[in-house]
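Asker: So the sequences go chain by chain: B and E.
The numbering of the first sequence is our numbering, which starts it at 1 and goes up by one.
The numbering of the second sequence is our numbering, which starts it at 576 and goes up by one.
To be clear, the hints were calculated from the coordinates, so they are not data collected in a lab.
Fair warning: there could be bad hints in the mix.
Unchecked claim - Listed next, the in silico DSBU-like pairs over lysine-lysine satisfying Cα-Cα at most 35 angstroms (straight line):
1. B:K187 x E:K646
2. E:K710 x E:K642
3. B:K294 x E:K710
4. B:K187 x E:K710
5. E:K646 x B:K296
6. B:K289 x E:K652
7. E:K646 x B:K400
8. B:K309 x B:K289
9. B:K66 x E:K642
10. B:K400 x B:K294
11. E:K642 x B:K400
Small disclaimer: the values here were computed from a predicted structure and weren't measured.
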Amino acid sequence: MKLTGAQIVMECLLREGVDTIFGYPGGANLPLYDTLKQYPQVRHVLVRHEQGAAHAADAYARVTGKAGVAWATSGPGATNLVTGIANAWMDSVPLVCVTGAVVSWLIGRDGFQEADITGITIPITKHNALVLNVEEIAPALREAFHIATTGRPGPVLVDIPRDVQQQTCEFEYPETVDLPGYQPTTKGNGRQIKRAAQLIAEAERPLILAGHGVIIARAWDQLVELAERAQMPVITTLLGLGGFPGTHELCLGMPGMHGMYWNNLAISEADLLVAVGMRFDDRVTGRLKDFAPKAKIVHIDIDPAEIGKNIAPTVPIVGDVKQVLADLISEVAPVRHDAWRAWIAELRQAHPSIVIPETDQLLPQYVIKAIYDASGPNAYYVTGVGQHQMWAAQYFWIDKPGGFITSGGLGTMGFEVPAAVGAQFADLKATVWAICGDGGFQMTSQELATVVEYELPIKYAIINNGYLGMVRQWQELFYKNNLSAVRMYQPDFVKLAEAYGLRGLRVTDRAQVAPAIDAALSHPGPVLIDFQVEEYENTFPMVPPGAALQETVDSPYAAAASDGPVRRPATQGVR
Amino acid sequence: MPARLQHHTIVALVEDKPGVLNRIASKWRQRGFNIESLAVGHSEIPGLSRMTFTVDGAMHDVEQVTKQLYKVIEVVKITDLTGEDVVARELALIRVAASPNNRTAILEIAHVFRANVVDVAHDSLILEVTGDEEKIEALYELLLPYGVKELMRTGRIAMSRGGAGHHLDDGTQRRYRSAGEGKAQVGSLL
Numbered sequence: 001m002k003l004t005g006a007q008i009v010m011e012c013l014l015r016e017g018v019d020t021i022f023g024y025p026g027g028a029n030l031p032l033y034d035t036l037k038q039y040p041q042v043r044h045v046l047v048r049h050e051q052g053a054a055h056a057a058d059a060y061a062r063v064t065g066k067a068g069v070a071w072a073t074s075g076p077g078a079t080n081l082v083t084g085i086a087n088a089w090m091d092s093v094p095l096v097c098v099t100g101a102v103v104s105w106l107i108g109r110d111g112f113q114e115a116d117i118t119g120i121t122i123p124i125t126k127h128n129a130l131v132l133n134v135e136e137i138a139p140a141l142r143e144a145f146h147i148a149t150t151g152r153p154g155p156v157l158v159d160i161p162r163d164v165q166q167q168t169c170e171f172e173y174p175e176t177v178d179l180p181g182y183q184p185t186t187k188g189n190g191r192q193i194k195r196a197a198q199l200i201a202e203a204e205r206p207l208i209l210a211g212h213g214v215i216i217a218r219a220w221d222q223l224v225e226l227a228e229r230a231q232m233p234v235i236t237t238l239l240g241l242g243g244f245p246g247t248h249e250l251c252l253g254m255p256g257m258h259g260m261y262w263n264n265l266a267i268s269e270a271d272l273l274v275a276v277g278m279r280f281d282d283r284v285t286g287r288l289k290d291f292a293p294k295a296k297i298v299h300i301d302i303d304p305a306e307i308g309k310n311i312a313p314t315v316p317i318v319g320d321v322k323q324v325l326a327d328l329i330s331e332v333a334p335v336r337h338d339a340w341r342a343w344i345a346e347l348r349q350a351h352p353s354i355v356i357p358e359t360d361q362l363l364p365q366y367v368i369k370a371i372y373d374a375s376g377p378n379a380y381y382v383t384g385v386g387q388h389q390m391w392a393a394q395y396f397w398i399d400k401p402g403g404f405i406t407s408g409g410l411g412t413m414g415f416e417v418p419a420a421v422g423a424q425f426a427d428l429k430a431t432v433w434a435i436c437g438d439g440g441f442q443m444t445s446q447e448l449a450t451v452v453e454y455e456l457p458i459k460y461a462i463i464n465n466g467y468l469g470m471v472r473q474w475q476e477l478f479y480k481n482n483l484s485a486v487r488m489y490q491p492d493f494v495k496l497a498e499a500y501g502l503r504g505l506r507v508t509d510r511a512q513v514a515p516a517i518d519a520a521l522s523h524p525g526p527v528l529i530d531f532q533v534e535e536y537e538n539t540f541p542m543v544p545p546g547a548a549l550q551e552t553v554d555s556p557y558a559a560a561a562s563d564g565p566v567r568r569p570a571t572q573g574v575r
Numbered sequence: 576m577p578a579r580l581q582h583h584t585i586v587a588l589v590e591d592k593p594g595v596l597n598r599i600a601s602k603w604r605q606r607g608f609n610i611e612s613l614a615v616g617h618s619e620i621p622g623l624s625r626m627t628f629t630v631d632g633a634m635h636d637v638e639q640v641t642k643q644l645y646k647v648i649e650v651v652k653i654t655d656l657t658g659e660d661v662v663a664r665e666l667a668l669i670r671v672a673a674s675p676n677n678r679t680a681i682l683e684i685a686h687v688f689r690a691n692v693v694d695v696a697h698d699s700l701i702l703e704v705t706g707d708e709e710k711i712e713a714l715y716e717l718l719l720p721y722g723v724k725e726l727m728r729t730g731r732i733a734m735s736r737g738g739a740g741h742h743l744d745d746g747t748q749r750r751y752r753s754a755g756e757g758k759a760q761v762g763s764l765l
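Bound-form chain B, shown alone (with noise of 0.2 angstroms):
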């Protein structure tokens, strides 16, 4: 039987076990949206901007570990989803596009709403391809997700000019790819196992990083086993939250420029560093040429082109994560670290890094932990970028692998809102929070109309500073207080969310907060809470910009911890 382009879309996406689709119609993909009713089977969620679908689908897609779909029009519909695009893309998220294409006698005509989409997103795409006729669409869709999910994920896109999906033929979906350049080594090499086993057992003072990569993989069991056989203790990235259990002895939390104090100065006391999937973000490692100055370094990836781009390993291991951690595993013989834990413990009491001081004031560091308290490890939480989302870094110790999703490479501020509905739709029993920053907020909080027209209970928190949090904490560090463009007029975020139907809370000081989170979570709807936070508040620890992990200043209130609990200065910063 013959099919139209936009049916053989659909039957693709069904092929691919794809039952959400986050979109939005437009002239272009017409004919896409007139197919969908005859496939009640696939959910198609209506965002409320393109960014938003895309973003959307990059959460869904990292809690499923399926490809995420977002769908848009040509133009300015595919241009709103290059952001998103590109935050998959620096995050490596298995993500699939579908954009209609304007009909193919226009394209290169300037045609109205015509963009070249392909062209555009060729530097943040692992791969893209524009269809110019019908039969084309089904292998063009399989090679789309089998690139989009295999090797290092990442997001692809396919553009469908408007005639073509609806050009009709036959329909036969590809059994197998045939990509003769795309062959992702996924078995690391045997010998370097064997040497990194020895590194490993010659190492006093090892430790493990642990990136994206151990979630992406599905390596977490691995993981655990690699450091408890060891007893190396493991430090997690920003993207690697999660990846090994928070609350395990053996975690030390997260490295780097607001990472914890006590790891930024064991990385650079370590012998031995197993960099399991994470690829040395400048974020991570400081000043480069001062970064592990003692240390053999072990980097386990699956990208090959990510092994000595920022640092030259010792022992390089191409290959799944998962796969190499198991043969490892099988290599490595019990060892005990006992000094060097203890090193890092008595470090680690001597420089708390993350204290919240005793204060009548609303500390933003004391909402997140009161609602990671109060949700507990099965709850996903999401954030924007920014200081709440440092906060959220440093003080939710993330048990459940997938459970923390934020922007890390791109860093890209409204994230949150509409990441938070990928993310619920992909668990709809779960409890979803999104920590949100008051600026990011403000640039996708349209995707609120999204979370009530399709009944999802999250659970916004705007952790309200007024600020932009953390360009306000450069201004006043590195350009003397010179606040230039920070302050933000901020509309009634109660009233905003009463006004799309969803519950709005306000909480001003410490007594609400913890009621606020319990009602919050007793509602069976959304709920956003304006947190209206101390205004100056800054995110330590923290390493300087230029500076190495050696030089991290620690938070002021960790140095006073050990007298007794801490009390807040009056005044902090310069007003």
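Take the given structure of chain B and dock chain E to it, following the hints.
Answerer: Then chain E, alone, in the frame of chain B:
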């Protein structure tokens, strides 16, 4: 101190599909490389093309781009011929002003360089010359006093000497598909 720059010759074996050149050029551009020359043509394997790039860059940077090039789905193989014993050639067409008075002198120079005369007009002629860059540049310099009206160069192509070379041997009798073959014609329109 800037890393020492070196001349690199990179050969890419790629699937013959639209958009490939754009993707590869994009990878070089992202890392700030200026492509000195580029030559593209069919290879001995149907459906695959060979591209020869010459770029200037530090060894480490070029290695990094090479790894990035492998990420382009249509790229089948990348070979860095830098430091290898290679045969490198390019072809140039040179239109040089030639009057009846000096035509003989120009033809003598052409003869020394084994350049062919491929067009003769009243006031000019076109020479065709192949060789490495130095040879072409030497000829060009010698012709300058006569008035070079136009110079066109193909860019370098290069092949390693001896042995099996860099023939793709993946042990299969795979047939690569090119854009014109009716199977999936995908890629951006470039």
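Asker: Between the alpha carbons of K309 (chain B) and K289 (chain B), is the straight-line distance 35 angstroms or under?
Answerer: 13 angstroms, holds
Asker: Do the alpha carbons of K646 (chain E) and K296 (chain B) lie within 35 angstroms of each other, as the hint requires?
Answerer: 28 angstroms, holds
Asker: Does K294 (chain B) sit within 35 angstroms of K400 (chain B), going by the straight-line distance between their CA atoms?
Answerer: 32 angstroms, holds
Asker: Need the status of pair K294 (chain B), K710 (chain E): alpha-carbon distance at most 35 angstroms?
Answerer: 51 angstroms, violated
Asker: Assess, step by step, whether the Cα of K289 (chain B) is no farther than 35 angstroms from the Cα of K652 (chain E), and give holds or violated.
Answerer: Holds, at about 32 angstroms.
Asker: Given the hinted pair K66 (chain B) and K642 (chain E), is their alpha-carbon gap at most 35 angstroms?
Answerer: 27 angstroms, holds
Asker: Hey, K642 (chain E) versus K400 (chain B), does the alpha-carbon distance stay inside 35 angstroms?
Answerer: 34 angstroms, holds
Asker: Take a quick look at whether K187 (chain B) and K646 (chain E) sit within 35 angstroms of each other, Cα to Cα.
Answerer: Status holds; Cα separation ~18 angstroms.
Asker: Is the hinted pair K646 (chain E) and K400 (chain B) satisfied, with a Cα-Cα distance of at most 35 angstroms?
Answerer: Since the Cα atoms of K646 (chain E) and K400 (chain B) sit roughly 31 angstroms apart, the hinted pair holds (cutoff 35 angstroms).
Asker: Are K187 (chain B) and K710 (chain E) close enough, with their CA atoms no more than 35 angstroms apart?
Answerer: 48 angstroms, violated
Asker: Verify the proposed pairing of K710 (chain E) with K642 (chain E), using a straight-line Cα cut of 35 angstroms.
Answerer: 32 angstroms, holds
Going down the numbered hints, you'll see the structure goes against 3, 4, while the others check out.
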